[in-house]
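Using the sequences plus the hints, can you model the full thing?
There are 2 protein chains.
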Amino acid sequence: MHSEDQALPRDVDDQLDQLRRAIDAIDHDMVALLKERQEQVEKVLQLKKAHGLSVYHPAREENLISEKRRIGRAVGLDADYLEDIFRRILRQSRVEQTAQLARRGIRPGATVLVIGGCGAMGRYLVKWFGEAGYRMRCLDCEDWPQAGALCRDVDLAILSVPIDSTPEVARRLGPHLPEKCVLADVTSVKQAPLEAMLACHPGPVIGLHPLFGPATTSMDKQVIVATPGREPAACQWLLDQFADWGAIVLKTRATDHDDIMGIVQALRHFATFIFGRFLYEKRIRMDEALEYSSPIYRLEFGMVGRLFAQDAGLYSEIIFASPERRALLKEYLDCAQSNLEMIAKADKDAFEKHFRRIAEWFDPFSRQALRESTYLIDKLIERF
Amino acid sequence: MHSEDQALPRDVDDQLDQLRRAIDAIDHDMVALLKERQEQVEKVLQLKKAHGLSVYHPAREENLISEKRRIGRAVGLDADYLEDIFRRILRQSRVEQTAQLARRGIRPGATVLVIGGCGAMGRYLVKWFGEAGYRMRCLDCEDWPQAGALCRDVDLAILSVPIDSTPEVARRLGPHLPEKCVLADVTSVKQAPLEAMLACHPGPVIGLHPLFGPATTSMDKQVIVATPGREPAACQWLLDQFADWGAIVLKTRATDHDDIMGIVQALRHFATFIFGRFLYEKRIRMDEALEYSSPIYRLEFGMVGRLFAQDAGLYSEIIFASPERRALLKEYLDCAQSNLEMIAKADKDAFEKHFRRIAEWFDPFSRQALRESTYLIDKLIERF
Chain A
55 MHSEDQALPR
65 DVDDQLDQLR
75 RAIDAIDHDM
85 VALLKERQEQ
95 VEKVLQLKKA
105 HGLSVYHPAR
115 EENLISEKRR
125 IGRAVGLDAD
135 YLEDIFRRIL
145 RQSRVEQTAQ
155 LARRGIRPGA
165 TVLVIGGCGA
175 MGRYLVKWFG
185 EAGYRMRCLD
195 CEDWPQAGAL
205 CRDVDLAILS
215 VPIDSTPEVA
225 RRLGPHLPEK
235 CVLADVTSVK
245 QAPLEAMLAC
255 HPGPVIGLHP
265 LFGPATTSMD
275 KQVIVATPGR
285 EPAACQWLLD
295 QFADWGAIVL
305 KTRATDHDDI
315 MGIVQALRHF
325 ATFIFGRFLY
335 EKRIRMDEAL
345 EYSSPIYRLE
355 FGMVGRLFAQ
365 DAGLYSEIIF
375 ASPERRALLK
385 EYLDCAQSNL
395 EMIAKADKDA
405 FEKHFRRIAE
415 WFDPFSRQAL
425 RESTYLIDKL
435 IERF
Chain B
55 MHSEDQALPR
65 DVDDQLDQLR
75 RAIDAIDHDM
85 VALLKERQEQ
95 VEKVLQLKKA
105 HGLSVYHPAR
115 EENLISEKRR
125 IGRAVGLDAD
135 YLEDIFRRIL
145 RQSRVEQTAQ
155 LARRGIRPGA
165 TVLVIGGCGA
175 MGRYLVKWFG
185 EAGYRMRCLD
195 CEDWPQAGAL
205 CRDVDLAILS
215 VPIDSTPEVA
225 RRLGPHLPEK
235 CVLADVTSVK
245 QAPLEAMLAC
255 HPGPVIGLHP
265 LFGPATTSMD
275 KQVIVATPGR
285 EPAACQWLLD
295 QFADWGAIVL
305 KTRATDHDDI
315 MGIVQALRHF
325 ATFIFGRFLY
335 EKRIRMDEAL
345 EYSSPIYRLE
355 FGMVGRLFAQ
365 DAGLYSEIIF
375 ASPERRALLK
385 EYLDCAQSNL
395 EMIAKADKDA
405 FEKHFRRIAE
415 WFDPFSRQAL
425 RESTYLIDKL
435 IERF
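Protein chains in written order, with the numbering used here: chain A, 55 to 438; chain B, 55 to 438.
Do not take every clue at face value.
[To be verified] Computed cross-link-like contacts, EDC-like style, restricted to lysine to aspartate or glutamate with a CA-CA straight-line distance of at most 20 Å:
#	chain 1	residue 1	chain 2	residue 2
1	A	Lys305	B	Glu345
2	B	Lys102	A	Asp65
3	A	Lys384	A	Glu371
Just so you know, these hints were derived from the structure itself, not from any lab.
In structure tokens, the structure reads:
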């Protein structure tokens with residue numbers, strides 16, 4: 055094949071130009087349609103809001119997707135292709151709907167105090183509540199002399215301080231809070247903070263753990279765990295507010311939360327840390343490794359690299375949050391060590407036997423994971 | 055908010071219906087445009103092929119995307135949204151173009167013998183070469199008595215047998231091959247197979263390692279490593295063939311390949327295996343863990359689950375491929391173990407010190423990984 059710089063017969067050049075102009079015109083129409091669609095969806099949303107109808111219908115979405123797949127097959131387009139395009143279109147209207155809802159809070163005008171409002175998560179909360187029409191106040195280290203004034207007539211106080219200081223900060227804050235005020239925290243362990251909040255404030259108390267960081271631009275499908283403390287009915291509006299922003303609210307007991315998060319957060323992050331540390335100790339040339347990485351390996355290394363682009367303090371808090379967590383991590387290292395003999399003896403049979411037993415136990419999650427990650431790899435190929 | 059089942063004023067119902075019909079009509083037009091675009095792209099492709107022009111232009115793609123972002127901003131559509139839509143459209147035309155190229159091989163009519171053609175990877179090769187117009191033959195265990203006839207006038211012989219048997223199979227095959235025949239293998243280690251092939255066949259020899267499995271439907275942006283053995287010019291058409299199918303061909307020395315793959319494949323898979331094994335030993339309730347998982351954790355668990363949906367034998371071959379690999383894995387376990395004291399002492403300072411040192415070393419890969427994985431998480435949210 056020769057390069058396109060070489061001279062081409064004049065008419066071929068013309069034909070190519072003409073085809074490219076036709077494609078550009080199609081693209082132009084497509085953008086116009088997307089814009090028109092957005093406007094129609096906006097009208098539906100206004101109508102629904104005016105009559106108090108819920109805006110998101112998973113079932114209607116799935117019907118629409120099936121219908122598009124069917125049409126795609128009928129006209130000779132790849133069904134997966136059409137599904138991808140329309141999933142993206144539907145997602146956009148979901149994001150815009152939640153953005154709209156965010157603009158009108160559930161209790162606009164209510165006063166919200168964020169303790170630790172200058173931290174990354176604190177600023178994030180101030181932004182979301184502020185944009186939804188709440189009156190915002192912050193209390194940071196230097197503001198304790200004014201604590202009484204800052205707490206006056208507050209409807210909601212959210213503790214957004216490091217895990218270790220949450221109980222102590224709650225104890226300092228409690229005496230200043232109005233009795234009807236909702237007291238909440240956003241730390242990633244729940245037992246100790248919840249107990250401290252209950253002990254220092256006689257009114258409504260709820261523990262929250264947003265499973266997402268301040269880098270998240272949309273709360274769409276992000277999980278927030280809620281561990282009720284006292285007067286759940288008085289706290290409900292706060293959960294509704296997060297749900298309106300698009301988050302999935304899961305209620306559970308503080309002890310159950312802490313157990314599960316030991317696995318979901320602490321263990322997973324620790325395993326990733328260990329892997330990153332080994333790459334560092336061996337001074338592996340990452341650029342070289344990536345060059346030889348097909349998309350799936352690129353994604354695997356990406357999950358490791360991602361950790362180290364984030365805050366060391368946050369991860370050490372999550373990993374070292376409690377003696378139970380540390381015991382779990384020690385167990386993990388012991389379990390890892392138990393593979394040594396198999397490696398030393400090059401015992402393929404033992405490996406395969408373990409592998410199959412684990413695979414059987416993982417099923418059907420493993421097949422679902424294969425499907426989901428294959429889909430993502432396609433997305434990675436599309437973009438990078 | 056009340057449910058949609060409740061009675062609504064008649065006119066609201068009518069208005070909603072009307073808006074929904076308008077949206078359906080827009081979607082209908084969109085599908086028609088996508089179909090029309092596909093037809094125009096097809097004409098460009100035919101014209102380019104007729105005049106020997108290369109079909110894929112990364113620079114033209116990037117220009118098109120920038121232009122769409124600009125237009126999006128101008129008409130009041132989210133630029134990222136338009137970029138996503140058009141990336142997906144461009145990808146589809148890339149995939150269709152490579153599918154077309156696949157239909158016309160670089161040396162159609164040439165005879166290709168796949169040794170181990172009944173295995174998963176063997177069948178995959180037979181399918182791709184066969185569809186590209188090559189004359190296909192297979193040689194499996196039971197066919198050795200006919201080896202002479204099967205090898206007659208063969209232009210390319212590809213060994214697609216387990217790593218351990220590749221050298222032995224090469225020795226059996228060699229004497230039957232025509233001197234001009236290209237001999238290649240597709241095993242995931244390269245030193246021993248390449249040496250065995252060079253020793254048994256005096257003609258052109260090349261080692262190949264496709265970094266993708268038979269489950270991959272498109273080779274678009276998949277990596278294939280080539281380790282030249284003898285007469286590289288005579289082997290070039292084979293590499294060109296994989297490139298035409300969309301794969302990225304990387305040439306390197308067998309020793310370098312094996313070193314890098316120890317990290318990229320063996321270590322990464324082993325670390326994932328260890329993690330999965332621990333979840334199993336602790337009988338972690340995966341459904342519960344997933345319920346509490348925000349998209350990023352879902353992706354992390356997905357990468358673990360994915361491993362166990364695949365072939366135990368393949369992974370044991372990769373992990374136990376050589377004594378060097380096993381030494382590497384032992385080193386990894388030792389390194390993991392070195393974190394024990396930090397955990398036992400709850401030494402946050404040590405953790406953060408290590409973390410920051412590793413983070414510095416990882417940079418800028420880590421920031422890029424954060425960007426890429428954040429993009430993927432958005433895709434995961436969109437779909438599941």
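Hint check:
1. Between the alpha carbons of lysine 305 of chain A and glutamate 345 of chain B the distance comes to roughly 11 Å, so the proposed pair stays at or under 20 Å and holds.
2. For the proposed pair lysine 102 of chain B and aspartate 65 of chain A, the alpha carbon gap of about 13 Å is at most 20 Å, so the pair holds.
3. Between the alpha carbons of lysine 384 of chain A and glutamate 371 of chain A the distance comes to roughly 17 Å, so the proposed pair stays at or under 20 Å and holds.
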